[in-house]
Amino acid sequence: MSSIQINAGFMPLFDSAVLVTACEMGFAAGEGIELNLFRETSWASIRDRIAIGHFDVAHMLGPMPLAGNLGLTPLASETIVPFAFGLGGNGVTVSNAVWEGMLRFGAQPTLDPARNGLALKELIHSRRGEDRLLRFAVTHPHSGHNYELRYWLAGCGIDPESEIEIVIVPPPFMADALAAGRIDGYCVGEPWNSASVVTGKGHIATVKAAIWRNSPEKVLGVRRMWAQDNAEALAALLRALHKAARWCQDHRNHAELTALMARPAFLGQPAEIQMRALTGSLDPGDGVFRYVEDFFLPFDKAANFPWKSHALWFYTQMVRWGDVAHSEANALTARECYRPDLYRSALKPLGVALPGANAKVEGALTAATPVGSAGASLTLGPDGFFDGRIFDPDALDRYIEEQARAGTTAT
Amino acid sequence: MLEVVAMTARPLNILVIDENRIRAAIIEDGLREAGHDQVTVVHDVSGIARRIIEVGPDVIVIDLENPNRDMLESMFQLSRSVNRPIAMFVDRADSASIEAAVEAGVSAYVVDGLRKERVKPIMQMAISRFNAFSRMARELEEARGELENRKIIERAKGILMTSRKLSEDEAYALLRKNAMNQNRKIADVAQSLVTAAELLGPEGLSR
Chain A
1 MSSIQINAGF MPLFDSAVLV TACEMGFAAG EGIELNLFRE TSWASIRDRI
51 AIGHFDVAHM LGPMPLAGNL GLTPLASETI VPFAFGLGGN GVTVSNAVWE
101 GMLRFGAQPT LDPARNGLAL KELIHSRRGE DRLLRFAVTH PHSGHNYELR
151 YWLAGCGIDP ESEIEIVIVP PPFMADALAA GRIDGYCVGE PWNSASVVTG
201 KGHIATVKAA IWRNSPEKVL GVRRMWAQDN AEALAALLRA LHKAARWCQD
251 HRNHAELTAL MARPAFLGQP AEIQMRALTG SLDPGDGVFR YVEDFFLPFD
301 KAANFPWKSH ALWFYTQMVR WGDVAHSEAN ALTARECYRP DLYRSALKPL
351 GVALPGANAK VEGALTAATP VGSAGASLTL GPDGFFDGRI FDPDALDRYI
401 EEQARAGTTA T
Chain B
1001 MLEVVAMTAR PLNILVIDEN RIRAAIIEDG LREAGHDQVT VVHDVSGIAR
1051 RIIEVGPDVI VIDLENPNRD MLESMFQLSR SVNRPIAMFV DRADSASIEA
1101 AVEAGVSAYV VDGLRKERVK PIMQMAISRF NAFSRMAREL EEARGELENR
1151 KIIERAKGIL MTSRKLSEDE AYALLRKNAM NQNRKIADVA QSLVTAAELL
1201 GPEGLSR
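Chains A and B, in that order, are what the protein sequence lines are.
Mapping to this note's numbering: the first sequence position 141 is 141, numbers consecutive.
Numbering-wise, this note's numbering comes out as the position in the second sequence, counting from 1, plus 1000.
Incorrect hints may appear among the rest.
[Stated by the list, open to error] Ranges between beta-carbon positions, derived for each pair:
| # | chain 1 | residue 1 | chain 2 | residue 2 | range |
| --- | --- | --- | --- | --- | --- |
| 1 | A | ALA255 | B | ARG1155 | 30 to 38 Å |
| 2 | A | GLU100 | B | GLY1113 | 45 to 53 Å |
| 3 | B | GLU1117 | A | ALA255 | 54 to 62 Å |
Hints in this document: simulated from the structure, not taken from any laboratory.
All C-beta atoms in this analysis are idealised placements derived from N, C-alpha and C, irrespective of residue type, glycine included.
Extracted from the complex, chain B is given alone in its bound form:
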């Protein structure tokens, strides 16, 4: 059965190993959309050896940052149960897609002899979904940072309003003017002010 994998169009067995459940779900989703219905997702690598024997994957997709990659690679190399060496990526010569994969943070292991045309779309899908996930995470991070900035500016305004007896608008204008003069972001100037105020303590503020 296993020996004919490369010859026929038997559906591919795909194993996704990702400790990040959201990203794993996004990948699984993409694979199913592409018509792959034999997808197994594993979040926790403990007991992975047995799972690999059970699943007998043709393709393993794993995030590049997984600290267990050294263990997995050595297992693939030694594995007598899978009975075939599993090589990374489709084709060593295909350096552009290797680069794209590493940059996206995804790594893949493919059974030897599997036809390139069958694996490439899987890799491309994984790369684009990993990138989409990173973009999403980055946007979330930015949104979080934006919120933090707004909070800091509010605090800085409050400090100026109490210590310099300014109105809210005047306090903001002062922050903005300083930021422009120093060629810095308003949030950075606000952060410096808040830090300074904390260092000076309540006396420094209420003076």
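Just chain A, same shape as in the assembly:
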């Protein structure tokens, strides 16, 4: 009997590792599925191909399925998220000129978001009267990158709407654009931050893990209609991805993993530079490697669990920056997009640790916390925001209101 075929699109980014590994290291085959991977060149292409059914599932930016379901993008099909590809992994890199400017205002190569954000704010204020704003790039409007960059800037008193320009640049072109002076900084996943550091063209100012510890990034987007008609196949895929993610997290496999991802069909970047994301040991630009705890987690800390509070936080940022109006219906759409129930039911037969709740209060855990879960042990967090704010998904309206107020006083 032939196995079930699943077509999956992915972008050549390091956090496609779990999907690539599921296919290449035999985890998918072990679950009786044949996973066909298709490397894409833009998120728009992934969106188009999943919409018309070329792909059943795809590697996606965490907020992307929300944007589609909320009707913010052309040609969207209803997409659900039953699995996340990891936590963290991004950084904010600035040009040498901007870094030198920031140093004058107290920046340090410690990746500290509060300190370096304040320095950036002082630099921006000292540039008032110059004919152009600093220009930062992100990979996509509906991306963790865009929202965490804006969260960081706004939290440091920089209005991302008026005091800085934010443009879109594809990840592999970021380092070139920075070197050529077309942009002054960017927020992107590794290895594209270190790519500017190793060529001496940029400094990493801060990282996602410091802006919001253990925060969501890429997810598995699944066409809802396909999921409905192929519940068994989806469950098998989730089990394969779970095993692949565990394999990716294990440091004994990192040499093999980076060699696999270095192949041109996948990420196509040297193993050494990939290792920085895996070990969390990064050179911000001064030649001294610094260890960032939980820089990127493909598996640990329930990294694959599609928390509804993650979807809702993305939603609050979409509201904050005017992508969508807040309404009960829209909040419901966001809430229903991430599907921890599917994750749980698929993994239950494996007897692994599963979070009992569907959402958590984000930013509430100040230390790694063991949580009760059937049969096995599980550790969550810490999950703090750099500014100490708390996001309670049950108090959505209040959070959105507070943000709106903070936005007007920032300038």
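For this one, chain A is given, so just place chain B on it according to the hints.
Relative to the frame of chain A, chain B by itself:
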């Protein structure tokens, strides 16, 4: 001026963005044949924002594989200069033509409010020309593969002729017989032989 685009039959401004110059030329050609004389072709997306403001396109045709589509889409959405949202494809309900376009590898952005009848022929032309281009590229690839195969078979024959002291015809017959027995292509059998010979080195060949 811009506001009356949808109402009158003013000629459409069409912008073609394609890094592949040959394909771009084929598309441009098709558009001109169809009577569109306001066609701008851009190969390089650097500085595209300014070009879009200058051209003020009603329709933008772009290859689906262009890595800058995310940047372009966000620019269309934010663009205050063009002053109108630009939506993809003519009609979301027209799923057959959307599928045909994505399959052909072409994507299009159309100013909001432009009448469907005016855009559809452009899309259909782009789809068929993209398909024709892919067919051409595929045929070229096949021809190239054919040439490679012939070279490999020649090398395999040479190996057999030296190592087994066969005539050229006998060497070919042996390859063909093996291919038939193993249910493989002659070129594949020849490739295995060449690889094996390379692994064994000169000693293996001259034995």
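We went through each hint and held it up to the structure:
1. ALA255(A) - ARG1155(B): 30 to 38 Å: holds (37 Å)
2. GLU100(A) - GLY1113(B): 45 to 53 Å: holds (49 Å)
3. GLU1117(B) - ALA255(A): 54 to 62 Å: holds (60 Å)
Every hint from the earlier list agrees with this structure, and none is contradicted.
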